[in-house]
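Given only the sequences and the hints, what does the whole structure look like? Please build it.
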Amino acid sequence: MRTLIFSLLLIAVTTFSQAQEITQLEEAKVGFAPFDTKVTRSGDSFIYTVNESYAGEFTKDAIGFMKAHFDIDNFIAEFEGEYDNYLVSLRSSKGFLNADFDKDGNLVKTYQKFKDIVLPLDVRREVYMANKGWTMTQNKYIASGRGELIEKEVYKIKLENGSSKKSVKIDPRASGTSVASNE
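Residue numbers for the sequence shown, in mature numbering (1 follows the signal peptide of the UniProt record, and there is no 0): -19 to -1, 1 to 164.
You may find that some hints are simply not true.
In silico DSS-like cross-links for lysine-lysine, where the CA-CA straight-line distance does not exceed 25 angstroms [what the hints assert, rightly or not]: (1) Lys94 <-> Lys147; (2) Lys121 <-> Lys96; (3) Lys90 <-> Lys113.
Think of the hints as simulated: they come from the structure by calculation, not from any bench.
Computed from a predicted structure; not experimentally measured.
What follows is the structure in C-alpha cells.
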C-alpha cells in the first residue's frame, strides 16, 4: 500500500513539474516576398528569376507554380495601383512564363516557352511510336492562352538517326495522329 501511494505521489509530482507555460508571441509583419528570386524591373515589366525547389517544378506547370508562389494582389498593393496592367515574367534556366494582369489583378493572358524539358509521358510515347530508331536531341515547348487556360500549345522536337535529322511538331490537344514531320 505504501508503494502504491508513493508511486501515485511520484506520478503527480512528475506530471505537474512537466506542465508548460504559455508564451505570448509578438505580432508578425508580413511583406511582399513572392519567393526566392532576383527581381529586376525593365521599363514597365517585372522579371523574377525563379529558384525551383526541385528540377522541373516550374516547367511542369508554370501557371500553377505562379499561382502557388506569386500573389498579384500584394504586388499591386506595393505599387499602389499606379499601372493599368502588369506584365510579370517568371524566368528559370529552362525558359519563361510571361503573365499579363489587369489593374484589378485578373490574369488576362499568358505566354510560355521552355527548352530541353522532360516531355509528358503521352508525348514521349507518341514520338517514340512514330519515330522508332531516332534519338531526340532538342525540344521546345511553346504555349499561350487567355486567363489560366492554355489555348495553343506545341512541342517542337529535333530528332537524329545517324547522319539524318528531322524536326517534329506535336500538338498534344489534337485528336488522332498529331505528329507533323519536317524531314
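Next on the checklist: Which constraints among the numbered hints does this structure fail? Numbers only, ascending.
Outcome noted: Number 3 only.
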